[in-house]
Amino acid sequence: MWIRSKPSWDYLSENDVTPEAIFKQRRLIMKGLVAGGAGLGTLGLPSTANAAWFSSDEPTQKVMPLKFKPHGNPPSDSLTPESKATTHNNFYEFGTGKNDPANNSSHFQPLPWQLKVDGLVENEVTIDVEKILAMAAFEERIYRLRCVEAWSMVIPWVGLTLKQLLKDVKPLSGAKYLAFETLYDPEQFPGQENRRLGGGIDYPYREGLRLDEAYNDLTFMAFGMYGKTLPAQNGAPLRLVVPWKYGFKSIKSISRITFTDQMPQTTWNMLGPSEYGFYANVNPGVDHPRWTQKTERRIDDAGILGRTRIDTLMFNGYSEQVASMYKDLDLTRYY
Amino acid sequence: MLSNAFLHRHSLWIRITLHWALLLPLVVSVFAIISSAWGGDPVQQLIHFYANWALNILVLCLVLAPLSRRFKRPALIAYRRLVGLYVAFYAFLHILAYLVLDLGLDWALAFEELVKRPYILVGALAFLILLALTLSSPQLVRRKMKRSWLKLHGFIYALSLLLPLHFWWSLKSGYIEPLVYLLILLGLVGLRTRQFKAWIGSFRS
Ligand code: HEM
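Sequences listed follow chains A and W, in order. Under this note's numbering, the first residue of the first sequence carries the number 1, and numbering increases by one thereafter. Under this note's numbering, the first residue of the second sequence carries the number 1, and numbering increases by one thereafter.
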């Protein structure tokens, strides 16, 4: 069911861009498969790789290759190099500096991991992420990611649509919203108990989507990027990707999803209601009070001096797939 | 130890050492970029790094006078100008990084941001003050300006408010760091209440 030959939405594909880089990446995946041994054929975590995940002494940016169905038919954005996408992160649980997450997360243990799904649903479930990694038929989605701070990347995610992940859950008729929570575990996330490191946020980090947004075809749960499992700094072991909204909506390291009848509280909205709305749709027409949203700094393979700003697109360029959900909403008021 | 005589006699070496020490952050930033130590996209890191060093050096600059008084080392005062110039130097790099690396030298956008965003305006005001202090820092200018020189340079007190304000306003969340700087800077102004009052007084009459 997740094999769509002709998707309705225009994801980018990797064929257009930096083919040699992709080629190298493919070869890495192949090498990983070889190194991982026979067990990897099924994507179960083979024992050798398992050992690598769990040995905690040396820094463990241990990511594992994933199998996925690559995507065709791209627009022309070129990919952000993996080395940049994994060293320029907003993940205040590891510190507020852009490279803090990469530096402070080397001992993070993403597995085992349980995702609890509860609230107004027919079947409350607890999803074992290791099982998903072993069994799921992943696909790749190359999406633009637009940060509210006016920079952007183009990232090849690997995962499932949220809809597929939650297909057994069945929302009750009263369910109108989904509330998401990042794992609260100060042992793993030093910023959660150190106010200075964590930027004064009231943890756990919380996000939310309207039901129709959550079940949109674009809404994706990523378990990997660049063909491998997610590194800690990018939200291991699973994170949301909502490409038409500002990056802070794409909550990382999720431990709980609750279906509710009320609009959930969301972290940045609680911190600054006049600056960050619940919807947070990418919208060049509505500035952040302190900086412009009309343009963005695209982080691609250019050097720091070689970069120019590009225009920000309405809904980050995904209008065709999502605009209809907001036709009755005043997007200036509900930013 | 560091007697006044020593401070005078080795003035040249002390100056050279100071220059090297104060250029160190710049050197560190260059190496960090080359070695990717700040990740693949060090733009915001650079903006913050230069800004924080401008502030740190401002604190150092303001600490020299109380130190010289406390330890009876008037010779220290001679180094204040040199240190002060590095405040302006790093503030300049901070703004340069923002204009070149972040805004991509889009001047129309830069102007729009300046008029639209109060925290940028506050930063620009602070930079104007630093610029005026820099241009009027040569002895020759100082002598020519006579009493108004002190009046102008008293605006360094204004920076103690403007910069923490700019800092705090620029943050997406949290307030601890700008608050710490504010307290330190106000404390340092508090150590010279007499001069501060005289400066305020110079605007009456
Ligand atoms: C025209 C003048 C100025 C402009 C356009 C400007 C611009 C900026 C910008 C854009 C930021 C926030 C960057 C971000 O989004 O994270 C910032 C932060 C800051 N600026 Fe400025 N600035 C100016 C003047 C100054 C001056 C003169 C100082 C003197 C020391 C200064 C010190 C700071 C500090 C300390 C921060 C916070 C850095 C941090 O978060 O660690 N700025 N400035």
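Simulated from the structure, these hints should not be mistaken for laboratory data. Even glycine gets a Cβ: it sits at the ideal position worked out from N, Cα and C. There could be a bad hint or two in this list.
Stated by the list, open to error - Listed next, the in silico DSS-like pairs over lysine-lysine satisfying Cα-Cα at most 25 Å (straight line):
{"id": "1", "chain 1": "A", "residue 1": "69", "chain 2": "A", "residue 2": "228"}
{"id": "2", "chain 1": "A", "residue 1": "163", "chain 2": "A", "residue 2": "131"}
{"id": "3", "chain 1": "A", "residue 1": "294", "chain 2": "W", "residue 2": "116"}
{"id": "4", "chain 1": "W", "residue 1": "172", "chain 2": "A", "residue 2": "294"}
{"id": "5", "chain 1": "W", "residue 1": "172", "chain 2": "W", "residue 2": "116"}
{"id": "6", "chain 1": "A", "residue 1": "84", "chain 2": "A", "residue 2": "176"}
{"id": "7", "chain 1": "A", "residue 1": "67", "chain 2": "A", "residue 2": "131"}
{"id": "8", "chain 1": "A", "residue 1": "176", "chain 2": "A", "residue 2": "69"}
{"id": "9", "chain 1": "W", "residue 1": "116", "chain 2": "A", "residue 2": "84"}
Stated by the list, open to error - Computed beta-carbon distance windows for the label pairs:
{"id": "10", "chain 1": "W", "residue 1": "179", "chain 2": "A", "residue 2": "128", "range": "24 to 32 Å"}
{"id": "11", "chain 1": "A", "residue 1": "334", "chain 2": "W", "residue 2": "92", "range": "51 to 59 Å"}
{"id": "12", "chain 1": "W", "residue 1": "145", "chain 2": "A", "residue 2": "302", "range": "28 to 36 Å"}
{"id": "13", "chain 1": "W", "residue 1": "92", "chain 2": "A", "residue 2": "319", "range": "35 to 43 Å"}
{"id": "14", "chain 1": "W", "residue 1": "111", "chain 2": "A", "residue 2": "305", "range": "17 to 25 Å"}
{"id": "15", "chain 1": "W", "residue 1": "173", "chain 2": "A", "residue 2": "176", "range": "47 to 55 Å"}
{"id": "16", "chain 1": "A", "residue 1": "263", "chain 2": "W", "residue 2": "186", "range": "18 to 26 Å"}
{"id": "17", "chain 1": "W", "residue 1": "92", "chain 2": "A", "residue 2": "125", "range": "52 to 60 Å"}
As the list claims (entries may be wrong) - Only some residues are given here: those of chain W computed to face chain A with a beta carbon under 8 Å:
{"id": "18", "residue": "42"}
{"id": "19", "residue": "98"}
{"id": "20", "residue": "101"}
{"id": "21", "residue": "103"}
{"id": "22", "residue": "106"}
{"id": "23", "residue": "107"}
{"id": "24", "residue": "108"}
{"id": "25", "residue": "113"}
{"id": "26", "residue": "114"}
{"id": "27", "residue": "174"}
Quick rundown of the hints versus the structure:
Taking the CA atoms of residue 69 of chain A and residue 228 of chain A, the gap is near 13 Å; set against the 25 Å cutoff, the hint holds. Our distance criterion of 25 Å between C-alpha atoms is met by residue 163 of chain A and residue 131 of chain A, whose separation comes to about 18 Å. Taking the CA atoms of residue 294 of chain A and residue 116 of chain W, the gap is about 13 Å. The hint holds against a cut of 25 Å. With a C-alpha separation of about 19 Å, the suggested pairing of residue 172 of chain W with residue 294 of chain A holds against the 25 Å cut-off.
In summary, the hint linking residue 172 of chain W to residue 116 of chain W is supported, as the alpha carbons are separated by about 17 Å, within the 25 Å threshold. With a C-alpha separation of about 37 Å, the suggested pairing of residue 84 of chain A with residue 176 of chain A is violated against the 25 Å cut-off. Of the pairs offered as hints, the one joining residue 67 of chain A and residue 131 of chain A holds, with about 14 Å between alpha carbons and a cut-off of 25 Å not exceeded. Taking the CA atoms of residue 176 of chain A and residue 69 of chain A, the gap is near 32 Å; set against the 25 Å cutoff, the hint is violated.
In summary, the hint linking residue 116 of chain W to residue 84 of chain A is not supported, as the alpha carbons are separated by about 31 Å, beyond the 25 Å threshold. For the pair residue 179 of chain W and residue 128 of chain A, the beta carbons lie near 44 Å from each other, so the given range of 24 to 32 Å is not met. For residue 334 of chain A and residue 92 of chain W, the hinted distance range of 51 to 59 Å is not satisfied, since their beta carbons lie about 41 Å from each other. The given range of 28 to 36 Å is broken by residue 145 of chain W and residue 302 of chain A, whose C-beta atoms sit roughly 47 Å from each other.
For residue 92 of chain W and residue 319 of chain A, the hinted distance range of 35 to 43 Å is satisfied, since their beta carbons lie about 42 Å from each other. Distance hint check: the CB atoms of residue 111 of chain W and residue 305 of chain A are about 22 Å apart, consistent with the given range 17 to 25 Å. Taking 47 to 55 Å as the suggested C-beta distance range, the pair residue 173 of chain W and residue 176 of chain A does not conform, at roughly 28 Å. In this structure, residue 263 of chain A and residue 186 of chain W break the distance hint of 18 to 26 Å, their C-beta atoms being roughly 42 Å apart.
For residue 92 of chain W paired with residue 125 of chain A, a C-beta distance near 57 Å keeps the hint of 52 to 60 Å intact. With 8 Å as the threshold, the beta carbon of residue 42 of chain W comes within range of chain A, its nearest partner Cβ sitting at about 7 Å, so the hint holds. With a cut of 8 Å, the hint placing residue 98 of chain W at the interface with chain A is violated, because the nearest CB-to-CB distance is about 11 Å. At a threshold of 8 Å, the smallest CB-CB gap from residue 101 of chain W to chain A is about 6 Å, leaving the interface hint in force.
Evaluation of the residue 103 of chain W hint against chain A yields a held restraint, the C-beta minimum of about 7 Å falling below 8 Å. Checking residue 106 of chain W against chain A: minimum C-beta separation of about 6 Å stays under 8 Å; hint holds. Taken as an interface hint, residue 107 of chain W does not check out: its beta carbon lies about 12 Å from the nearest beta carbon of chain A, beyond 8 Å. Taken as an interface hint, residue 108 of chain W does not check out: its beta carbon lies about 10 Å from the nearest beta carbon of chain A, beyond 8 Å.
A least Cβ separation of about 6 Å between residue 113 of chain W and chain A falls short of the 8 Å threshold, and the interface hint therefore holds. Taken as an interface hint, residue 114 of chain W does not check out: its beta carbon lies about 11 Å from the nearest beta carbon of chain A, beyond 8 Å. Here the hint on residue 174 of chain W is kept, as its CB sits about 4 Å from the closest CB of chain A, short of 8 Å.
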